[in-house]
Every structure is written in structure tokens, then in C-alpha cells.
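Trainee: Let the sequences and hints guide you as you build the complete structure.
Heads up: the protein sequence lines correspond to chains D and V, in order. Per the working numbering, residue 1 is the first one in the first sequence, and the count goes up by one each step. Per the working numbering, residue 1 is the first one in the second sequence, and the count goes up by one each step.
Derived from the structure by calculation, the hints contain no laboratory data. As the structure is a computational prediction, the values presented were derived from the model and not from experiment. Beta carbons are placed, not taken as given, at the ideal position from N, Cα and C, and that holds for glycine. A hint or two may mislead.
Heads up, simulated DSBU-like pairs for lysine-lysine below, C-alpha to C-alpha not over 30 Å straight-line [what the hints assert, rightly or not]:
#	chain 1	residue 1	chain 2	residue 2
1	D	Lys673	D	Lys652
2	D	Lys214	V	Lys153
3	V	Lys141	D	Lys425
4	V	Lys109	D	Lys804
5	D	Lys164	V	Lys73
6	V	Lys109	D	Lys428
7	V	Lys109	V	Lys73
8	V	Lys27	D	Lys453
Here are the computed distance ranges between Cβ atoms for each label pair [stated by the list, open to error]:
#	chain 1	residue 1	chain 2	residue 2	range
9	V	Ala97	D	Thr202	51 to 57 Å
10	D	Gly31	V	Ala20	32 to 38 Å
11	D	Arg627	V	Asn75	53 to 59 Å
12	V	Glu16	D	Ser279	42 to 48 Å
13	V	Ala97	D	Lys148	47 to 53 Å
14	V	Ser44	D	Ala510	27 to 33 Å
15	D	Glu474	V	Asn75	50 to 56 Å
One-letter residues, chain by chain:
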Amino acid sequence: MEEKTVKLKINGQLVEAEAGVSVLQAARQAGIYIPSLCELEELPATASCRLCLVDIKGRPSFIPACATRAEDGMEIVTSSDELERLRLDILEMILSEHPYFCLLCGEKATCHDLKVTMAKAFEPGGCVFCPKDGQCDLQRVASYLNIKKVSFKLRERSRFQWLKDPFISHNPNLCILCGRCVNVCGEIRGENVLTVVNRGETTAIGTFYNHPLKESNCSFCGACLDVCPTGAMSEKGLFADRGEKLNSQEMICSLCGCGCELEIESREDGSWRRISPSSQDQPAFMSGCLRGRFGLKEILAGNKPGESPYLRTKDGLEKVSLEEALSALAARLKEARAEETAFVFSESAPVEDLLAFVSLGQDFSQRDVFWYYPENFLSRLKGFEEQNRLEFDYSSLSSNQWPDKGCFFILDSDLKSEAVTLWLKIKKQLRAGARLITLDSGFNSVEVQANLKLKPLPGREYLALLAIFKLWLEKQPGSLKFYPGLEELAGKLSHYQVEELAASSGLSVASVEAAVNLLAGNNHWTFILGERFLRQASWQENLLAVWNLSLGLAAQILPVSSKINEVFLARLATQGKIKIMTETRNLEDLIKGKKIRNLYVYGDLPLDEKPEFLVVHNPFFSRLGKRSDVFLPASFFPEQGNHFVDNRGRLKKNSFCLKNEAELTSGRQAFNKLREKLRMAECPDSESVGSDNQPEALLVSDHMTEFKSGLKRYLLPEEMVLKIQSNLTEDRGGLTFGEFMVVVEQNLDLYSGFDFPTEVSGYNQARNPELVLINPEDVGRQGLQAGQAVKINFAKDTLGGIIKPDFGIIPGVLVIRPLITDSFLSHIYEQGLVRGAVELKND
Amino acid sequence: MKNDTDGGRGVPEVVESLLAGLPPDRKNLIFFLHEVQRELGYFSEEVVLQAAHYFSVSPAEIFGILTFYSAFKLNQSCVHQIKVCQGTACHVRGSEAIVKEFSRLLGLKPGEFDSRIGVSLEVVNCLGCCAIGPVVVVDGKYYARVNIKEVEKIVAGLTTGENSHESAEV
Ligand code: SF4
Ligand code: SF4
Ligand code: SF4
Ligand code: FES
Ligand code: FES
Chain D
1 MEEKTVKLKI NGQLVEAEAG VSVLQAARQA GIYIPSLCEL EELPATASCR
51 LCLVDIKGRP SFIPACATRA EDGMEIVTSS DELERLRLDI LEMILSEHPY
101 FCLLCGEKAT CHDLKVTMAK AFEPGGCVFC PKDGQCDLQR VASYLNIKKV
151 SFKLRERSRF QWLKDPFISH NPNLCILCGR CVNVCGEIRG ENVLTVVNRG
201 ETTAIGTFYN HPLKESNCSF CGACLDVCPT GAMSEKGLFA DRGEKLNSQE
251 MICSLCGCGC ELEIESREDG SWRRISPSSQ DQPAFMSGCL RGRFGLKEIL
301 AGNKPGESPY LRTKDGLEKV SLEEALSALA ARLKEARAEE TAFVFSESAP
351 VEDLLAFVSL GQDFSQRDVF WYYPENFLSR LKGFEEQNRL EFDYSSLSSN
401 QWPDKGCFFI LDSDLKSEAV TLWLKIKKQL RAGARLITLD SGFNSVEVQA
451 NLKLKPLPGR EYLALLAIFK LWLEKQPGSL KFYPGLEELA GKLSHYQVEE
501 LAASSGLSVA SVEAAVNLLA GNNHWTFILG ERFLRQASWQ ENLLAVWNLS
551 LGLAAQILPV SSKINEVFLA RLATQGKIKI MTETRNLEDL IKGKKIRNLY
601 VYGDLPLDEK PEFLVVHNPF FSRLGKRSDV FLPASFFPEQ GNHFVDNRGR
651 LKKNSFCLKN EAELTSGRQA FNKLREKLRM AECPDSESVG SDNQPEALLV
701 SDHMTEFKSG LKRYLLPEEM VLKIQSNLTE DRGGLTFGEF MVVVEQNLDL
751 YSGFDFPTEV SGYNQARNPE LVLINPEDVG RQGLQAGQAV KINFAKDTLG
801 GIIKPDFGII PGVLVIRPLI TDSFLSHIYE QGLVRGAVEL KND
Chain V
1 MKNDTDGGRG VPEVVESLLA GLPPDRKNLI FFLHEVQREL GYFSEEVVLQ
51 AAHYFSVSPA EIFGILTFYS AFKLNQSCVH QIKVCQGTAC HVRGSEAIVK
101 EFSRLLGLKP GEFDSRIGVS LEVVNCLGCC AIGPVVVVDG KYYARVNIKE
151 VEKIVAGLTT GENSHESAEV
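Mentor: What follows is the structure in C-alpha cells.
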């Protein structure tokens, strides 16, 4: 886009501003303060507070600066006697409903010591308890306007506070109804949990039927806390800082692939005050989630056990020194036969430590080191390309810039929970007019925002895409990009009717048509692939269908990897440097057959079968750790400077250091000590990896485009034709009564063996992994009820769950998001789509 | 009595039949909400969820709309709605006595509803048809120039179903 500026005069001062900004923003950028309470950059203007009224030459009346676009040649007066009087009136009106003692009380300076005014200021309005005191926008505006009195009698609203939710509380008596929270929740985050209820005197912020947030599908992203100008929305248990000295440090969250920047605020005594998303180039509410902001705080505040190494003796696990633990481990490894020893890791450690672990394992056993990667996502994608000698266009992954105007087609990805920052960027584009199509056979929390939502049957995604392609061929073949193979493809597809393809995919012809119209009518498409799209038996067909469509549309592909370092490790796997393990049954068979006697797990692994000798090396004293023979504590990411690779392949440096080096042993240090004991050479490159002078060594943004000989041609191999044939003749999977297709979703709430819902208080209210989503129709048909405990019986095992009706799930489908804690779950997760029968629990 | 059973159809079916001819465009939402109010008399959570899904609007937003307009009821108990105009013109023509008579007959104060008999009594401001005052609106049906005697008839009609919504055309 062309950079354009406008020139205007504010209070006689010449101001230059970017075209398109509001008068309020232009003034702000020029350092001119205009009082405002409802406006916030990035949020759509509601102009509800009326404080920012300004005088613009040539306009008959005062107008709100926040809702007025700055134009060339405007002459604006932001402050005059009349304007200030008006503002004072408005403020007085606001304050007639908002306790104002904190603004006017003469005893404020000593209040904290004496706490006498508390009584006068009738709690909860009293500033002593207001969580925002000192940081409140209302206070700022009041002091600018130098308010001395409020002529109206305070109308005490006496509303109940919201206290039922974890992490967030709301005090409606402090609310000035600016609407920011409603806006941020709906427009920015796309959650639409909050709304304005009632009208007139009883107007308030509310939720669906005024249920607590935890029952209103609130994601507890905390964005409403970031925007509230007053203390009305506040973090539970957080009070005003009262001039305390606070330390603030930044770090990279590596709890998921987004790698958000977080700001950690701690008090002088070292206790944690608050964690909030922070970033140079965007407001806090544009990133972050419940895990990073509330969950991490609790882990850091002391929920992290496993500080000590442990060694199994005949009396069980005993705390030992690191030296003792490593010696015991070295002794065992010295005797061990290399081929009976396996090295497995999960992705959560810093990249330099992961690399060090890989070379330790390879040097020791001369065999492959395994990465436990149940998604098998990016690696499948890459393998598919190589096998078919084709190459998707990944430019939106590798470039840091998003296309200015783009449209998005999301396939089987609940983006909000798998890569929330990506979703926030897309949502921003949607506000600017981008189009969105979702195609999802499971649960998708962003599909309500879509211009078109397609709900195919699970496993039949590719048929839906083929139906779209086929109809397109029929309607406007000329608009498809021409490449070799088109005629052949058209020929093969000519055996099928759009109707039958659509019907067997579970879509109506009307929605297939709508999809064609949207796709053909807009340019710059990006296909966003979720890991679920590739975690089902028909994943190859899915990819082929996407390939053809993306070729015809010249669309880009953006695979959404949800875990930190996933992009980096997938690259290592593609290069053959590590091996991928997608589920643990094979390993367990080897353990049972005594083929594997020693197992070194760096991170976490869902394992039921215990090998003879188990080493667990993990920041948390995890479930697996408690069954180990040697447990080594690894450093947790906020504890030590290090590097991570985010879901777009960017290397991120975490310079934050919670503890000093002496107290901690990084993975590398531990591995080197072990090497010494085993008389192995020091780990190569261990210090230079990721060091400042050669971060390129790890720059992997180009990882997906390495394969440079891809052909551009349409494809429909014979196997796929056969598969279509069989799917067309088969009915919808032939489910019997009580039986469902179970879609197994990604759940990121298990991090390196630390499970948030169990370990962090309040977390399971916010996100209960036991919820089983099911269409309300099925709930009725099967005689179930919301909130009921059920058993889901799979071919071999059983899983417990709690029924939650959701209209977003199609009948016959059941969606679960288990924490993958044992090998049975790793098995059904890896399969992605399984059959299960629901049965009531009788206990 | 009015449609609590609606000819044996369950609530989801009623909602479905109302949605049937309606494109899932949010500009049809308010119309649909009025239809639900007319057909079912109130909004249960399930109905709102069903509508939210259909129109791709958040349930919270619909709830906001429902609580904003007094035309929508969230409570099942009040099946019959009696509104007596207390605007200036109707007042001058004696609407106060009418309100009192309703109160006496129903045992209800203005602003109350009786969940047992399923009737609510409300006093409202000018309905914009002063010429035919005093005006009483029962379940959407307008009664013009109401006198005390007619009040009894109206109340009797409530129990016989005479005032059911089918005849209520505004
Ligand atoms: S925490 Fe997030 S989802 Fe929940 S109400 Fe606040 S903004 Fe909305
Ligand atoms: S809770 Fe806060 S952000 Fe929301 S409307 Fe009230 S004052 Fe504004
Ligand atoms: S979105 Fe991911 S990286 Fe960001 S705060 Fe949440 S868990 Fe951390
Ligand atoms: S900031 Fe402009 S009206 Fe509130
Ligand atoms: S006063 Fe009753 S209709 Fe106007």
C-alpha cells in the first residue's frame, strides 16, 4: 500500500499524520492530549464516552475526535473554555454512577496508611481496594480536567461482582460502560463472550443469560483486562501497586508455537505480580492467552516441583545431588548395549539443548534419536511433496509480511486454540474486508466469523474439496490457472457428478456453489492447514485436493503447527537427522520384548510400559518422572536465556533469566557432564549454536522451500480415484445407534508433562479436557444431558467425558480434546478419527 | 391457553419451522426474534443457541438484543401479556381506573406477573394511537376505547383462549 499522509492543524500546530487515522490518533502522535475513555488504538471506535469532543473549523457542532478521520487541511481546536466545561459536565455525569472518592478524596495521600476513608468510600468503590488505582484512565482524565466536585448525588448501583470465575473478576459498580471490553472480546479476539445487556439505568456488561464466564465459552485470554480503563475488569486477586517498586522483564513464552512476548512484573520480594502479553509493535490484547498469562504465573509462583534430581533406590525415589544422579546414569549407560538403549525427546526444550540431546544420543548409540511427534504434520506435508514431486507455495509462511489484502480458507484447524496469534492477525484482516471460508469436520471456534462455513463428514474433507473443484471446472474453467494435467484431471472427474461428490462429503450443493463463488470472486487466497487435516486416513487425498485447488487459484499454503520448535524439528527430520515417533505402542512392544532396556526421555512421553531403566529429564517432576529410575531436572524456559523457533519458523531469543546460572543446569551442561563421565568428547557446537554471531545456523524460515524441483501440474492418481469410488458407494460410515465418529483434537494444555488443568487451580474450570462436544440433536436422540458423565468406548479402551452440547458439531460426530498422557491416548490421537460408542457412566 | 405445547411439537421443531423459510442472514434476526416471541412467548437458552448457530451471531449478542427491547421476554411464566396505556391521552380518558380493574380482577399490581395463571400486567407509555384511547394491548392485540366492563371480558377471554395470538394482528 502507498504511504500517504495528511496535513492538518491542531491547536495552531501543524501536524502530519498517516492517512486514515482518526483526529484523536493524529493528535496523540503529535503529543497533544485529548481526554478519552472509550477509544483505544486497534479497537473500532464506538464514540460512547463523548470526552474527546473537539471543535473542527467548518463543522456546525463539536464532534468526537476518535470517530473522525483526520483530513487534509482540517483546523482543530482541542481545548477551549466551552469544550472543557462540556467535558467536565460529561465527566460529572459518568462519576454520578462511578464511586469517585478516589478522585476527590482529600485524605487520599495518607489513606493507605490510615485506611479510615475506606468506610466513607463504601467498598467496593473505595480506592483502597480498586485494582486500577494509579493506573486508571478515569483518574487521568479527572486530573486533566481538574475536577473539584461532582454536582450529582452518587447513584450507587450496588450490583453484584462477578466472582465465580477463575483469573478474572468484574465489578460492575466501577464500569463506565465504555464498551472497550465488549469490543476487544468480539472484534479483536473473535470470542463474543461479552455484550451490553439491558438499557437505561440498568445497562451493564453481561454474558449469555448472565452466566459466569467459565460457562460462556470465555477463553480467558485476558484481553478485557488489558483494555478496561477502570478497575471494573481486573485480574482476580490483583490489587493496585500502591507505589511499590516493581521489576518488569520480558520473555518469550514457549508454551505453544506462537512464542508470544510476555512481560513479567514481579515485586521486590520476588513474588509474581502479573504476567501480560507485551510487544513493541502491537497492543497487549493482540497476543497471548490463558496459558501464558495466568497459567505460567502459577507455575512460576511455586507450582514447579522437581527442582531436585532423584534416584531410585530400593525404598523408592530419593532426592540426590546432580552429581550422584549423573554418576548413576553414567554407570548404567556404560554397561548398556547401545542397541538396547533408546533416546527420545519432546519438542519443548530450547533448540540448543535439543540439538545437544540429539548428538548425545547419536554419539552414544550410533542410532537414531526419536522425536515424539504425534501430529506428524509438517513431516507428512514435506514427504507428500517429495513423493509427488510438487511444491506448495509457502511464501506466507516464510515472509514476515502478510499479504495486504488476502482471503483465507481454513481447513480442519481450530485456529484460536492451535495458533491464536495467527488467528488474531487473520481476524484483523477480516475487519479490513478479507474473506474467510472454513472447512472443518470437528469443532472450530472461528467458523462463526466465516463468510462461509463448510461442515463435511470427518475424513471426507477431500471429497468436499473435489466437489468444489469439479463445480468450478463446470462453471468457469477459464478462471483456473492452466497447468499440465488439467485435462486429464477433468477427464477423471467427469465420471462423477458434483451432486454425488457433495453428498458423499456431507455438504449440500448450495454450499459447494457458495464456495466456488467466493473462491472465484476473490483473489490472494491462503489455505491454512490444521494438523487434523493430515491426521486421518485420507490425509494424502486431502493434500492432493488442496494441491489442485491451490494450483488453480495460485493460492499460498500455511500449515499451522501448534507446538514450539515444531517447524525446526520437522526440518531436522526431513534432513534425516532425527526420526519421528508418532505413537508409543511400538516402543512399548520393544520394551515388553526386552529389545529396549534403557530409555532416556528428554521432555515427556505418554508411556505405560516402563523399561528396565528409565531416565526422565524434564523441568517438571512429571507423571513419567515419578516412575523413572533417574530423574534429572531440566531448566524451564523462563529460567535461562535460550532460543526457540516459533510456528512461522522464526528464531526467537529469550534473554530473560529467572535465576542465575550457578543455580541451574541447562540441558547442554548436564549432557556435557554425562559425556565426560562416559569419556565422550564434548558436545559439538554446543556453545555456538544460537549464539549471537551465528543465529543463521538456525534460521529455518526457508525450511519449507528447500525442495526446489517441484512440478506444477494437476494430479489425481489412480489410488485416489479408487478411494473416491469406494467412498461414494459406502454410506456415511454406517454408524450404529450410540456410535460416533470421534474427532480427536489437539490439546496444548499438556506441556512437557505438566498438565495445566490439574496443576493450576481454576484452570480446569476455564478449559476442562474432559468435555465431550456433541450436537444437541444427538444429545436428545441418545437420551443424554448436558453435564452428564459418560464413557466413550473405543475398540480397545475407554475414556471418560462430560457431555457438552454444541451446535458447531455435526450430528454423528463427537469431539474430544484429551491430554495425551498415556499410550492408548497417543494411539487414538495419532489416528485422528476413530469410532467410539457413548455409554452413560453409572457411578 | 397459548401454545406451550403447540400441537404437540417440541420447541426445537417450532424454531426450525420458523427458520425454515428464512435465509441465514443476520438482518433477518430481529424479525425471527419477534416470531419466536409471538409463537413461544419467551426465549429459552436453547432457542437462543439454536438461532445463534443458524445466523452465525454470538449467543451473547442475541442476549444483549433480548434484554434491550422490552418486547422480548426471557421468562416462560408470563404467557399472557397485558399492557395498559398510561400516556397522557389515555390517562385523561380514564385508563387509571382500567389498570385498577385489571389489578383487582387478576390480583396483580402493575409490573407484576403471576406465574400460576401466566399473566403479566404492565403499564406503558403512549402507544401512538391516542385517538382510540384508552388502549389496552393483550398479547399483541389492540383493544380500543376500553371501558371498565370490557376489562372483565378481556380477563375472561384469557382463560378461554379467545385472545390467543392467532387473532392478534397489529
Ligand atoms: S477473557 Fe477474553 S474471551 Fe473472556 S471475556 Fe475477556 S476478552 Fe472475552
Ligand atoms: S468493564 Fe471496563 S472496559 Fe468494559 S465497559 Fe466497563 S469500564 Fe469499559
Ligand atoms: S499463545 Fe502460546 S506463546 Fe502466546 S501466551 Fe499463549 S501459550 Fe504462550
Ligand atoms: S474517546 Fe471519543 S467518544 Fe470516547
Ligand atoms: S396516550 Fe395512550 S395511546 Fe397515546
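Trainee: Find the hints from earlier in the document that the structure breaks and name them by number, from lowest to highest.
Mentor: Per hint list: 2, 3, 4, 6, 9, 10 violated.
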